[in-house]
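Chemist: Numbering that gives the first Met the number 0 applies: residue 0 is where the sequence shown begins, and numbers increase by one.
Mixed in with the good hints there might be a few duds.
Simulated restraints on C-beta separations [what the hints assert, rightly or not]: (1) D75 with P41: 35 to 45 Å; (2) A35 with Q82: 29 to 39 Å; (3) A8 with A32: 25 to 35 Å; (4) Q82 with P41: 33 to 43 Å.
Keep in mind the hints are simulated off the structure, nothing from the lab. All residues carry an ideal CB built from backbone N, CA and C; glycine is no exception.
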Amino acid sequence: MQNLAISDAWLAARRVLAVRLDNLGDVLVTTPAIRAIKESLPQAQVTLLASPVGAQAGRLNPTIDDVLVYQAPWMDPWQQLPQDSEREQRCIAELRARRFDAAVIFTSFRQSALPAAYLCYLADIPLRLAASVDGPGSLLTTRHKHP
């Protein structure tokens with residue numbers, strides 16, 4: 000697992016997935032970080048993977064090139080989303096088909112990045128970065144540890 004120094008692989012990334020699966024406001028506060036990705040990797044196309052509500056904010060952000068919508072079962076606070084493994088398989092297939100070079104997973108302090116990291120792992124995204132207090136195993140290639 001890499002430290003936060005930018006590696007050649009990150010600098011070469013052309014298709015970057017930004018993952019923010021919670022609310023509209025959370026997508027909005029992620030705007031500066033997504034802008035920083037675009038400024039650091041100006042050649043990259045940045046796609047946002049967001050919840051249906053968060054996608055609304057993502058579509059208004061000129062830094063984001065494309066928005067994908069995904070209703071993540073681990074982000075369902077009322078536990079009303081029916082179990083549907085085909086939904087997850089469709090999302091993984093869509094991510095794999097887009098051949099992302101890297102994924103940056105954004106969460107709040109109370110959320111684990113590991114379910115989204117696993118989704119990206121299954122989609123064969125080779126570079127996966129997130130902040131995580133949990134031991135990520137091979138799910139993250141670059142990990143920022145919370146202080």
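Chemist: Decide, hint by hint, whether the structure agrees.
Modeler: Status of each hint after checking the structure:
In this structure, D75 and P41 meet the distance hint of 35 to 45 Å, their C-beta atoms being roughly 36 Å apart. Checking the proposed 29 to 39 Å range against A35 and Q82 shows it holds: the Cβ atoms sit about 37 Å from each other. Checked against the hint of 25 to 35 Å, the pair A8 and A32 fails, with Cβ atoms roughly 20 Å apart. Look at Q82 against P41: about 41 Å separates their beta carbons, and that is inside 33 to 43 Å.
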